[in-house]
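Required output: the full structure, derived from the provided sequences and hints.
2 protein chains.
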Amino acid sequence: MRALGFDPVDEARRHWAGHGWADAAPGMAAVTSVFRAQQIYLGRIDRVLRPLGLTFARYEVLMLLSFSRTGSLPLNKVGARLQVHPTSVTNAVDRLEAEGLIERRAHPTDRRTTLAEIQPAGRALAQQATEAVNQAVFTDPLLDLEQTDALVELLTGLRRANGDFE
Amino acid sequence: MRALGFDPVDEARRHWAGHGWADAAPGMAAVTSVFRAQQIYLGRIDRVLRPLGLTFARYEVLMLLSFSRTGSLPLNKVGARLQVHPTSVTNAVDRLEAEGLIERRAHPTDRRTTLAEIQPAGRALAQQATEAVNQAVFTDPLLDLEQTDALVELLTGLRRANGDFE
Numbered sequence: 001m002r003a004l005g006f007d008p009v010d011e012a013r014r015h016w017a018g019h020g021w022a023d024a025a026p027g028m029a030a031v032t033s034v035f036r037a038q039q040i041y042l043g044r045i046d047r048v049l050r051p052l053g054l055t056f057a058r059y060e061v062l063m064l065l066s067f068s069r070t071g072s073l074p075l076n077k078v079g080a081r082l083q084v085h086p087t088s089v090t091n092a093v094d095r096l097e098a099e100g101l102i103e104r105r106a107h108p109t110d111r112r113t114t115l116a117e118i119q120p121a122g123r124a125l126a127q128q129a130t131e132a133v134n135q136a137v138f139t140d141p142l143l144d145l146e147q148t149d150a151l152v153e154l155l156t157g158l159r160r161a162n163g164d165f166e
Numbered sequence: 001m002r003a004l005g006f007d008p009v010d011e012a013r014r015h016w017a018g019h020g021w022a023d024a025a026p027g028m029a030a031v032t033s034v035f036r037a038q039q040i041y042l043g044r045i046d047r048v049l050r051p052l053g054l055t056f057a058r059y060e061v062l063m064l065l066s067f068s069r070t071g072s073l074p075l076n077k078v079g080a081r082l083q084v085h086p087t088s089v090t091n092a093v094d095r096l097e098a099e100g101l102i103e104r105r106a107h108p109t110d111r112r113t114t115l116a117e118i119q120p121a122g123r124a125l126a127q128q129a130t131e132a133v134n135q136a137v138f139t140d141p142l143l144d145l146e147q148t149d150a151l152v153e154l155l156t157g158l159r160r161a162n163g164d165f166e
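Protein chains in written order, with our numbering: chain X, 1 to 166; chain W, 1 to 166.
The hints are simulated quantities; they were obtained by calculation from the structure and are not laboratory data.
Mixed in with the good hints, there may be bad ones.
Note that the list lumps identical chains together, so a pair holds whenever it fits in one copy or between two copies.
List time: in silico SDA-like cross-link candidates among lysine to any residue, alpha-carbon distance up to 20 Å [said to hold, decoys possible]:
{"hint": "1", "residue 1": "K77", "residue 2": "F165"}
{"hint": "2", "residue 1": "K77", "residue 2": "D10"}
{"hint": "3", "residue 1": "K77", "residue 2": "H19"}
{"hint": "4", "residue 1": "K77", "residue 2": "D94"}
{"hint": "5", "residue 1": "K77", "residue 2": "M1"}
{"hint": "6", "residue 1": "K77", "residue 2": "L4"}
{"hint": "7", "residue 1": "K77", "residue 2": "R2"}
{"hint": "8", "residue 1": "K77", "residue 2": "V48"}
{"hint": "9", "residue 1": "K77", "residue 2": "E60"}
{"hint": "10", "residue 1": "K77", "residue 2": "A12"}
{"hint": "11", "residue 1": "K77", "residue 2": "G5"}
{"hint": "12", "residue 1": "K77", "residue 2": "H15"}
{"hint": "13", "residue 1": "K77", "residue 2": "P51"}
{"hint": "14", "residue 1": "K77", "residue 2": "F6"}
Right, dumping it as structure tokens:
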């Protein structure tokens, strides 16, 4: 995509102020900036994960399981931790299971609960994917360290204000 | 969704550092925070736009056309300004046209170019949608004004570093 000769978010902000919506202009700029930043980061991550047969959603499930003490978690806990809808978890788990990266197991004591358990191939792919994503994206988030920490702090406040965690 | 008793981004950051990926941990936290912030904002906007029959992508096209001097823009310029893929523009324009909110027109001097032109019903819906989104989301971005401006400034740097604009 070619670079624009102006900042489109700043232009939208001027339009907002010019139409009498000055009190909404900063928030509009924040929301559209977050949307564009998400596209930028997701594009960079997809370019690394696609050759490995992974999406970011499936990568997140693998990492969450790999970090768990037993290598397995109840499906509803996976959704709660990743803050995604149960159907998204089901889709990711279906695909990861079909590829032999995880397995569904019955919970040993609670019949109503299904566990997702990471398999050796899943651990190996999670490791490989993490090395690739770390190198290509996470060690270079397009901001310096001070700015990166400032961004995380601001968005932590936003997530808390949304009621994500207490 | 129930609030977690801990911050999941902060927990992931500790896992990253604990696995020897300390140099990638701040960027991982920034990227996952941006992804979650995007979900939060998009969810809030969708709740307002869905009853009006709009998605955010279609709303953005309507606003861009409403801001243009003639109420119309070439389709390729719509994509460039919104920094989205041509197929996304085509999908949004197809749907908006089917609902009588915009019309495709031949460019008066360049036969190869198609214009999208906003219609009176499109202007009215854009105005209604903006009032609703301003009130529900943009005037309350879950951050105070100083934090909102700081967030925009950080993400402006990120977008510039990505080559979005010069």
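Item checked: Intra/inter-copy verdict for K77 and E60 if alpha-carbon distance must be at most 20 Å -> Answer is within: at 13 Å inside a copy they meet the 20 Å cutoff, but 35 Å across does not.
Notebook entry, point to check: Which holds for K77 with M1 at a C-alpha limit of 20 Å: within a copy, between copies, both or neither?
Noted result: between (39 Å within a copy, 12 Å between copies)
Checklist line | Up to 20 Å CA-CA - F165 versus K77, copy category | finding: Intra 15 Å, inter 41 Å, cutoff 20 Å: intra-copy only.
Check: Can you tell me if K77 and A12 fall within 20 Å by alpha carbon in one copy, between copies, both or neither?
Finding: Between copies only: 15 Å across, 40 Å inside.
Check: Can you tell me if K77 and V48 fall within 20 Å by alpha carbon in one copy, between copies, both or neither?
Finding: neither (27 Å within a copy, 29 Å between copies)
Checklist line | Within, between, both or neither, where K77 and P51 count as close if Cα-Cα is 20 Å or less | finding: neither (29 Å within a copy, 31 Å between copies)
Check: At most 20 Å between C-alpha atoms: does K77 with F6 qualify within a copy, between copies, both, or neither?
Finding: Answer is between; shortest inter-copy Cα gap is 14 Å, intra-copy 44 Å.
Margin query: I want to check one pair: K77 and L4. Are their C-alpha atoms no more than 20 Å apart within a copy, between two copies, both, or neither?
Written below: between (43 Å within a copy, 11 Å between copies)
Checklist line | Intra/inter-copy verdict for K77 and D94 if alpha-carbon distance must be at most 20 Å | finding: Classified as within: same-chain Cα gap 16 Å, cross-chain 40 Å, threshold 20 Å.
Checklist line | 20 Å Cα threshold - placement of H15 relative to K77 | finding: Classified as between; 18 Å across copies, 44 Å inside a copy.
Check: Should K77 paired with G5 be assigned to within, between, both, or neither, using CA atoms and 20 Å as the limit?
Finding: This pair counts as between: shortest inter-copy Cα distance 13 Å, intra-copy 46 Å.
Margin query: Reference check for the pair K77 and R2, CA-CA at most 20 Å: within, between, both, or neither?
Written below: For K77 and R2, the Cα distance is within 20 Å only across copies (11 Å; inside one copy 42 Å).
Checked against the numbered hints above, the structure violates hints 3, 8 and 13; every other hint is satisfied.
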